[in-house]
Amino acid sequence: MTTSVTAPLLEVRDLGVDFDIGSGQLHAVRGVSFVLRARDRLGIVGESGCGKSTVVLAMMGLLPPNAEVSGQVLFNGVDILAGGDSSMRPHRWCDISMVFQGAMNAFNPVRTVGDQIAEPIRMHRKASRRDADKRVGELLDMVGIPASRAVRYPHEFSGGMRQRAALAMALACGPKVLLADEPTTALDVIVQAEILQLLRRVSDDLGVALVFISHDLPAVAQVTERVAVMYAGRVVEEAPVSRLLTAPLHPYSAALLAAIPRPETAAAVCSIPGEPPGLDTTVIGCAFAPRCVSVLDNCRITEPPNIFDGEGVIACHLATSAGLPR
Amino acid sequence: MVASPSGERVVSVPTRRGTALRLITGNRQTVLGLCALGVFLLIALLAPVIAPTPVNTGFANGFSAPTAVHPLGLDGGGFDVLSRLVHGAQTSLLVGSIAALVGMVIGGTIGFVAGYVGGRTDGVLMRITDYFLVIPDIPLMIVAAAVFGQSLTNIMIVIGLVYWASTARLIRAQVMSVRQRTFVKRVEAMGASPLFVLTRHVVPQVTPLLVANTVLMVANAIFAETYISFLGLGDPSVVSWGRMIQDALDQGAVVAGAWWVVLPPGLAVTLVVLAATIAGQGMEDTLNPRLKVGHLAVRRFRVRPLHGALDRP
Numbered sequence: 001m002t003t004s005v006t007a008p009l010l011e012v013r014d015l016g017v018d019f020d021i022g023s024g025q026l027h028a029v030r031g032v033s034f035v036l037r038a039r040d041r042l043g044i045v046g047e048s049g050c051g052k053s054t055v056v057l058a059m060m061g062l063l064p065p066n067a068e069v070s071g072q073v074l075f076n077g078v079d080i081l082a083g084g085d086s087s088m089r090p091h092r093w094c095d096i097s098m099v100f101q102g103a104m105n106a107f108n109p110v111r112t113v114g115d116q117i118a119e120p121i122r123m124h125r126k127a128s129r130r131d132a133d134k135r136v137g138e139l140l141d142m143v144g145i146p147a148s149r150a151v152r153y154p155h156e157f158s159g160g161m162r163q164r165a166a167l168a169m170a171l172a173c174g175p176k177v178l179l180a181d182e183p184t185t186a187l188d189v190i191v192q193a194e195i196l197q198l199l200r201r202v203s204d205d206l207g208v209a210l211v212f213i214s215h216d217l218p219a220v221a222q223v224t225e226r227v228a229v230m231y232a233g234r235v236v237e238e239a240p241v242s243r244l245l246t247a248p249l250h251p252y253s254a255a256l257l258a259a260i261p262r263p264e265t266a267a268a269v270c271s272i273p274g275e276p277p278g279l280d281t282t283v284i285g286c287a288f289a290p291r292c293v294s295v296l297d298n299c300r301i302t303e304p305p306n307i308f309d310g311e312g313v314i315a316c317h318l319a320t321s322a323g324l325p326r
Numbered sequence: 001m002v003a004s005p006s007g008e009r010v011v012s013v014p015t016r017r018g019t020a021l022r023l024i025t026g027n028r029q030t031v032l033g034l035c036a037l038g039v040f041l042l043i044a045l046l047a048p049v050i051a052p053t054p055v056n057t058g059f060a061n062g063f064s065a066p067t068a069v070h071p072l073g074l075d076g077g078g079f080d081v082l083s084r085l086v087h088g089a090q091t092s093l094l095v096g097s098i099a100a101l102v103g104m105v106i107g108g109t110i111g112f113v114a115g116y117v118g119g120r121t122d123g124v125l126m127r128i129t130d131y132f133l134v135i136p137d138i139p140l141m142i143v144a145a146a147v148f149g150q151s152l153t154n155i156m157i158v159i160g161l162v163y164w165a166s167t168a169r170l171i172r173a174q175v176m177s178v179r180q181r182t183f184v185k186r187v188e189a190m191g192a193s194p195l196f197v198l199t200r201h202v203v204p205q206v207t208p209l210l211v212a213n214t215v216l217m218v219a220n221a222i223f224a225e226t227y228i229s230f231l232g233l234g235d236p237s238v239v240s241w242g243r244m245i246q247d248a249l250d251q252g253a254v255v256a257g258a259w260w261v262v263l264p265p266g267l268a269v270t271l272v273v274l275a276a277t278i279a280g281q282g283m284e285d286t287l288n289p290r291l292k293v294g295h296l297a298v299r300r301f302r303v304r305p306l307h308g309a310l311d312r313p
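Chains A and B, in that order, give the protein sequences. Note that the working numbering numbers the first sequence so that position 198 is 198, with each residue one more than the last. Note that the working numbering numbers the second sequence so that position 191 is 191, with each residue one more than the last.
Each statement offered as a hint is correct.
Partial chain B-side listing against chain A, Cβ under 8 Å, derived:
1. F183
2. A192
3. Q205
Here are the simulated distance ranges between beta carbons:
4. D14/A - V117/B: 28 to 38 Å
5. G49/A - T153/B: 56 to 66 Å
6. G49/A - V117/B: 23 to 33 Å
7. G207/A - G118/B: 33 to 43 Å
8. L195/B - A127/A: 12 to 22 Å
9. S87/A - G118/B: 20 to 30 Å
10. F196/B - D14/A: 28 to 38 Å
11. V117/B - E68/A: 21 to 31 Å
Simulated from the structure, these hints should not be mistaken for laboratory data. Each residue gets a CB set at the ideal place from its N, CA and C atoms; glycine is no exception.
Only chain A is shown next, with the shape it has when bound in the complex (with noise of 0.2 Å):
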């Protein structure tokens, strides 16, 4: 927990995502809350289809209409979702932008890059399209890109590139909180490695909120301050990076740590058996706990509730009891 006394810039209050599919409903996202300050860096990882996509979709109102959303996202105190895509609008962009899931696809094929990161500009802040073209310089140019590639079209740019230029893109019209939808995936590591730097160097020149989704803990830990743990639709473990990393309360955060390889003790990789419960399901007690190796009794009635430890929040029944696990 930030020890500043700053009021929350971006509150998120029991957000729930249910998808409507016909035959019955999904519960994709169930009570997912956390708070995120002026500059703050929060990280959520978790594993396919634990919902993290579908929490910051539901954020920025673009779920499709099959989905019902529940519970509240405050900016600056005021509840966005609450009148639909009017409340919303004038917040896109200029207050929350977006880096989405694999920036090959998110711009548009036939327009030349540079068009399309003049657009939200020319949108939000009714730019002459020379003002517009003199912002986007600057834009790809903070983002390592020669200004003069903007003429050109995506197919022409690089997978880095890309991404690059989806990050000025999400920047134009200089968002307070920016949520950063597996940023990384799909490049290879050194290119991932500068992505990292250059999404925390610009969070940190232009005191941009970010929240950053990935499935890749140790990506998410060198540019987060904190982060959360989701599984099944329901965060189960946020905290800051250094205890998470060092010492995680929740028997999944410490699984997904297990995990990850680490050539330079050679230890084994461990794998966490079994699956997460099918998102149709309605689950009785703790999601996780067919798969936990230190489940108790009751784990498989009662849903563990959220505890506040003063650093972090868990929602585990071992946190309740007096052992935490080490």
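For chain A, the structure is supplied; the task is to place chain B on it using the hints.
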């Protein structure tokens, strides 16, 4: 505004505008095709000047080989073939372009609406489209000609009505696929209105396809007009290439060995269709830079055979 980390570096963005100009001049193929079409257009416009004699003046009572006065000879009715050919260009180009335009407007609109709105609207529009798709075109044209009369306007509308359905299907499919792409989601996330998304992102993505399809339709419509006239269902008051071929057949030009009557209209149809196709392909390449990547290139052009033409006794 954020200062660039490198300080006062000169940051300038070169501009790349003038898509319309690029569309026409950006590709040698397009230039070639458009030039050829231009020549035909010029011939059509200048038909009264070029034609050595008035169209409907007979000179003899039968076939007559090319002479200095009649460069392409006379047909079975004693009419000057060259005069009829240049006047036929008017008919073919007019019918071809108007019918293709009718098809493009109807098919494009229905395709865009169905693909973008989706849901029930899509369902209703596509059932109507299916209905038009399964109507056999020649019987419809025969019926239409019989019911509404054999006028040029009717032929244009009927050809347009027959060919819009495939355009609608094509455009709808493309719009639907574009809609699902991440960049459309991204533009929506930016707070763009549906109209902005449609006009700035969906339409430019789909336009090459629409252009290519329209060019294909021009070629098809010229064919259709040719065979409608060939079947004797064309406007009796105008000369067209199809009617020239029909007349030639009726008058026994082949038996008489009068090649100068049969070849010119046939070659003219071929050349116009070829020119339209080449121009369309080139435009497609220019509009969609991705098509320049070899393996992504889609060559949809296919010249339809002349239905029914071979069955005629």
